[in-house]
Amino acid sequence: MATDRTMSTTWKGTLMEGSGTIHEAGSGAFGPLEVSWPSRADEPNGKTSPEELIAAAHSACFSMALSAGLARAGTPAETLDTSATVTFVPGTGITKVALTVRGSVPGIDEAAFVEAAEAAKVGCPVSKALAAVPELTLDAALA
Amino acid sequence: MPRIVREAAVSWEGNVARGSGTMSARSSSAFAEIPFTLASRIGIPEGKTSPEELLAAAHAGCFTMSLANELTTAGTPPERLEVRCVVTMDEVEGKGHQIVHSELQADGTVPGCDEAAFAQAAEAADAGCPFSALIRASATVAVSATLS
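From first to last, the protein sequence lines stand for chains W and P. Read left to right, the first sequence gives residues 1 to 143 (our numbering). Read left to right, the second sequence gives residues 1001 to 1148 (our numbering).
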């Protein structure tokens, strides 16, 4: 079954001098969020950006895929702490996503955890959607 | 050009079916501890976000900035742009869940710009938006544009 998620943005003015609002999420979970070019390309100053939202999406998707894989292997996770760092070069595009995960997983050794994390990195839907990113790295270890 | 880095963090507890997570914006602190679960990702959101909702926010934001830039470059800077983005995830035979489509609908108030020029700017914005270029690895992207 297909799942749709909808977001809306309002922008006023030019790219360099204008500003935008990402309206409250359809789910009600967050927003509205302010965005601008200076806060995207320079210091955030409390404003999010498309790249930060991609980082949130990727870290969430990866964590769910990893928890599913660990449970299938008979070693469900207690806690997974994941961060994603997205690198954007204006004029070039999004050049890198770096995933870091630390897991508390009873009954698993380091090698099996790293293997499960590598599988989640390849298999999660956001990784597949971002497969054209030149560099996707993973740093996985038990906490 | 300088490299721009943005970070977000997630904490997940438990298995995928019954566990839950929260996500936070580490670079900007613009959002924190937003909840998400598998049930709310593939079913009714019930106040929780999902990776696909965040991608819809990212794509709407990225495309809107790209469109503002195209219109300004063309000599017709926008007064106001309204962009809606719908991201669809589906189960693809043999490939599991995939993000299969992103639908962008742009509505603009742009002095001195006609429908044809606005549609052309929207096409150029899609071509120039870094996120549009990426998501085509697994999804189709459709753009429609109208002046209000």
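No lab work stands behind these hints, which were simulated from the structure alone. C-beta atoms are modelled at their ideal positions from N, C-alpha and C, and glycine is treated no differently. Heads up, some of the hints might be wrong.
Unchecked claim - One-sided excerpt, in silico: chain W residues whose CB lies under 7 Å from chain P:
1. Thr48
2. Val122
3. Pro125
As the list claims (entries may be wrong) - Some residues of chain W that are not near chain P, with every Cβ distance over 10 Å (derived):
4. Ala2
5. Thr10
6. Leu15
7. Leu33
8. Glu34
9. Ala68
10. Gly107
11. Ile108
12. Glu110
13. Ala111
14. Val114
15. Glu115
16. Glu118
17. Lys121
18. Asp139
19. Ala141
Inset, instruction - Mind listing which of the numbered hints don't hold for this structure, in increasing order? - result: 2, 4, 5, 6, 7, 8, 9
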